[in-house]
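There are 2 protein chains.
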Amino acid sequence: MSRFKSKYFTMEEADALEYAAAELDFFSKEAELSCSEIGDGNLNYVFKIADAKTGKSLIIKQAGPCARIDETIKVSPDRNRIESDILKIQYELSEGLVPELYKYDEIMNCCVMEDLSDYTILRKALIEHKKFPHFAEQITDFLVKTLLLTSDVVINHKGKKDLVKNFINPELCEITEDLVYTEPFFNCNRNDVFEPTRPFAEKEFWNNEELLLETAKLKFEFLTNAQALLHGDLHTGSIFVKEDSIKVIDPEFAFFGPAGYDIGNVIANLIFAYENAEAAIEDKASKEDYKNYLEATIVKIIDLFIQKFNKTYDEKVRERVATYKGFKEYYLDSIIRDTSAVTGLELVRRILGMAHVKDITGIEDIDKRARAEKICLLAGKNFILNRKEIKTGKDFIQVVRNAESSI
Amino acid sequence: MSRFKSKYFTMEEADALEYAAAELDFFSKEAELSCSEIGDGNLNYVFKIADAKTGKSLIIKQAGPCARIDETIKVSPDRNRIESDILKIQYELSEGLVPELYKYDEIMNCCVMEDLSDYTILRKALIEHKKFPHFAEQITDFLVKTLLLTSDVVINHKGKKDLVKNFINPELCEITEDLVYTEPFFNCNRNDVFEPTRPFAEKEFWNNEELLLETAKLKFEFLTNAQALLHGDLHTGSIFVKEDSIKVIDPEFAFFGPAGYDIGNVIANLIFAYENAEAAIEDKASKEDYKNYLEATIVKIIDLFIQKFNKTYDEKVRERVATYKGFKEYYLDSIIRDTSAVTGLELVRRILGMAHVKDITGIEDIDKRARAEKICLLAGKNFILNRKEIKTGKDFIQVVRNAESSI
Chain A
1 MSRFKSKYFT
11 MEEADALEYA
21 AAELDFFSKE
31 AELSCSEIGD
41 GNLNYVFKIA
51 DAKTGKSLII
61 KQAGPCARID
71 ETIKVSPDRN
81 RIESDILKIQ
91 YELSEGLVPE
101 LYKYDEIMNC
111 CVMEDLSDYT
121 ILRKALIEHK
131 KFPHFAEQIT
141 DFLVKTLLLT
151 SDVVINHKGK
161 KDLVKNFINP
171 ELCEITEDLV
181 YTEPFFNCNR
191 NDVFEPTRPF
201 AEKEFWNNEE
211 LLLETAKLKF
221 EFLTNAQALL
231 HGDLHTGSIF
241 VKEDSIKVID
251 PEFAFFGPAG
261 YDIGNVIANL
271 IFAYENAEAA
281 IEDKASKEDY
291 KNYLEATIVK
301 IIDLFIQKFN
311 KTYDEKVRER
321 VATYKGFKEY
331 YLDSIIRDTS
341 AVTGLELVRR
351 ILGMAHVKDI
361 TGIEDIDKRA
371 RAEKICLLAG
381 KNFILNRKEI
391 KTGKDFIQVV
401 RNAESSI
Chain B
1 MSRFKSKYFT
11 MEEADALEYA
21 AAELDFFSKE
31 AELSCSEIGD
41 GNLNYVFKIA
51 DAKTGKSLII
61 KQAGPCARID
71 ETIKVSPDRN
81 RIESDILKIQ
91 YELSEGLVPE
101 LYKYDEIMNC
111 CVMEDLSDYT
121 ILRKALIEHK
131 KFPHFAEQIT
141 DFLVKTLLLT
151 SDVVINHKGK
161 KDLVKNFINP
171 ELCEITEDLV
181 YTEPFFNCNR
191 NDVFEPTRPF
201 AEKEFWNNEE
211 LLLETAKLKF
221 EFLTNAQALL
231 HGDLHTGSIF
241 VKEDSIKVID
251 PEFAFFGPAG
261 YDIGNVIANL
271 IFAYENAEAA
281 IEDKASKEDY
291 KNYLEATIVK
301 IIDLFIQKFN
311 KTYDEKVRER
321 VATYKGFKEY
331 YLDSIIRDTS
341 AVTGLELVRR
351 ILGMAHVKDI
361 TGIEDIDKRA
371 RAEKICLLAG
381 KNFILNRKEI
391 KTGKDFIQVV
401 RNAESSI
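These protein sequence lines are chains A and B, in that order. For the first sequence, our numbering gives the first residue as 1, with consecutive numbering after it. For the second sequence, our numbering gives the first residue as 1, with consecutive numbering after it.
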């Protein structure tokens with residue numbers, strides 16, 4: 001019996017090469033395979049296997065039994081099963097906007113999937129001030145198809161409950177509950193606060209009872225509202241782009257939660273890119289040009305989401321009560337309200353919490369970074385507090401503009 | 001090997017007797033056991049085994065593989081696993097307000113539990129116009145302990161997610177989704193509408209767009225809000241009473257849903273008893289006396305629930321954000337609002353839907369029954385539409401009084 005079929009072990013490059021040749025039907029027998037480990041995360045090993053003859057390639061992503069930097073941190077390898085299950089579902093729902101899954105191996109705890117070496121990570125591209133004119137169109141396709149089609153408006157309710165069960169994700173949800181909804185809103189020792197920003201955080205956040213109450217309501221929404229099958233971590237580092245295509249990756253945080261969570265993450269991370277442009281582009285015309293591009297992208301994402309949501313809803317609705325007069329508007333309204341709230345939470349947690357974003361930490365000038373952080377925080381606060389009034393693409397960008405002009 | 005340990009079969013009385021003697025430690029070897037099948041439901045076989053010598057007795061409840069009246073209706077025996085799991089949990093949480101579970105047998109698909117022959121079913125007792133002065137105190141203990149202690153206010157979030165997974169209950173939730181939230185609100189052929197009530201239903205319900213929209217919102221709450229571990233079917237036929245004790249039975253509909261669902265079911269079914277008294281008690285003083293007792297019970301249930309909820313919340317809260325100023329009030333408010341809505345839904349569905357209650361169908365005088373049905377429907381509509389304004393025990397009973405005086 002193949003040594004890959006008996007018992008899990010952590011693969012090295014040579015093992016992954018042998019695995020690709022022996023366990024997969026992907027390459028021909030004449031292939032000249034090479035392997036390199038390209039993982040830069042903390043939990044997984046990522047091997048790229050390529051055939052020098054044909055140029056064909058694939059990725060093997062293996063879950064380690066513990067964190068790579070600290071063997072005492074154990075992480076359930078079940079996240080790899082969740083990732084492969086959701087990749088299959090999202091591939092079908094979004095018609096190819098995630099990597100194709102070739103195989104999931106429950107013994108070796110690995111997924112074999114499409115290689116995306118010809119794509120770039122969106123966050124990196126945005127920090128380099130590159131433009132992707134089709135991105136709003138593509139990401140709204142992904143959002144509407146993965147979110148609305150897994151909600152009780154469309155999906156069979158019994159089938160959905162089986163999916164909810166399959167995607168119960170206690171460990172990774174706990175990370176979000178702590179890092180997004182809780183720790184940034186008090187002086188938690190896991191927070192990583194840029195010193196010039198600290199007085200602002202203390203005054204406007206940690207002692208703001210009105211804001212704290214709203215974050216509590218939102219945390220309970222996150223804990224209890226099994227609305228749609230989320231990606232769960234849809235920042236610009238989870239999106240691969242090239243000229244004519246996107247691929248959404250790393251869905252290991254997937255679970256059934258409020259649909260606005262995914263949309264809000266996309267919007268907030270574009271706002272980080274916007275504030276990066278504001279702080280980092282010297283030339284005035286170039287800055288204005290790039291900020292205009294990002295503004296248009298943000299506005300389009302909200303407005304196209306609304307437009308496609310309405311169209312898809314009318315085409316696909318299967319739940320009788322969801323056809324009652326006024327329900328579609330009520331339901332969409334609640335999703336956009338959650339989108340605003342999560343945009344705000346993500347803006348705040350990436351500034352005050354443990355995990356930061358390169359768009360902001362990469363701003364070298366201390367004063368400019370401090371200003372960018374305050375803008376994100378102020379906008380974040382308003383996205384949370386005024387979420388019921390923020391309804392269109394224009395409303396979303398106006399929150400950011402207002403924050404810029406008052407800091 | 002015992003024949004009970006190899007393969008499931010549907011037991012007859014003689015099998016159950018042998019099972020009790022051979023498989024359980026409950027009776028002594030000298031016991032003089034007798035067995036009778038006392039099940040009157042459609043899905044389960046219920047055997048009472050008693051020892052003539054000591055008077056000790058127990059119940060064996062076995063899930064059949066199909067409905068008793070129609071073998072083509074298959075029902076997942078998983079409901080028996082759910083029932084035994086939740087009995088254990090609720091027994092501990094409520095400190096004994098459900099039957100004690102002696103054994104769950106996954107091969108024979110049966111639960112062995114405490115015999116409650118010395119108790120009466122509450123619905124039957126209320127129709128006989130009996131009083132239980134401690135009921136409000138007892139049922140609010142059950143409600144606060146089973147609901148608040150399984151909510152994210154108190155429970156460990158990761159542990160809760162495992163429970164959510166364990167109590168995903170697609171088949172029985174579908175019954176509620178259809179029979180409570182959908183069918184009563186249109187002219188569905190499964191509905192069983194009392195002819196004198198039909199014109200009222202057509203005018204006030206099936207063509208009332210405002211009401212329909214609210215029922216759609218509530219159905220989505222039921223479908224998505226995993227707030228607390230519900231009993232799921234807490235009408236007065238699921239409650240055993242005697243002078244000094246209650247036992248809540250038949251939790252096979254259990255799942256994580258909106259806490260107000262259970263409370264609303266209790267209140268609505270007391271309102272049915274109240275309208276039974278209004279229609280069926282001839283003597284004016286007796287009628288007034290019994291209605292006063294039921295009014296006081298309803299008022300007390302709401303007000304004691306609120307009082308005990310606040311006390312238990314302060315004592316047991318473990319979630320940091322749930323201690324933020326204003327959150328407890330917000331959370332309780334949402335539960336009472338849901339309670340009002342579900343009170344309304346249950347009042348409507350037991351009149352217009354498929355499953356009726358004896359309190360109303362047992363009213364022999366056609367005109368009196370028609371009046372009782374209209375009162376329930378009108379009150380039901382107002383409990384749904386005005387749920388944001390109905391907050392205290394007095395508010396709840398006032399809705400019923402108003403309906404009585406306008407019909």
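Derived from the structure by calculation, the hints contain no laboratory data. Please note: incorrect hints may appear among the correct ones.
Since the list gives no way to pick one copy over another, a pair counts as held whenever it fits inside one copy or between any two copies.
Result set (DSS-like, lysine-lysine): computed pairs, CA atoms no more than 30 Å apart in a straight line [to be verified]:
#1 7 <-> 158
#2 325 <-> 124
#3 165 <-> 131
#4 388 <-> 325
A quick look at each hint next to the structure:
1. Within a single copy, residue 7 and residue 158 get their C-alpha atoms only as close as 35 Å, which misses the 30 Å cut-off; across copies the closest is 29 Å, which meets it.
2. In this assembly of identical chains, the alpha carbons of residue 325 and residue 124 never lie at most 30 Å apart, being 44 Å within a copy and 41 Å across copies at closest.
3. Proximity of residue 165 to residue 131 under the C-alpha cut-off of 30 Å is found in neither arrangement, the shortest distances being 40 Å within a copy and 43 Å between copies.
4. Taking CA atoms no more than 30 Å apart as the test, residue 388 paired with residue 325 passes in both settings, with 21 Å inside one copy and 21 Å between copies.
In this structure, the earlier hints numbered 2, 3 are contradicted, and the remaining ones agree with it.
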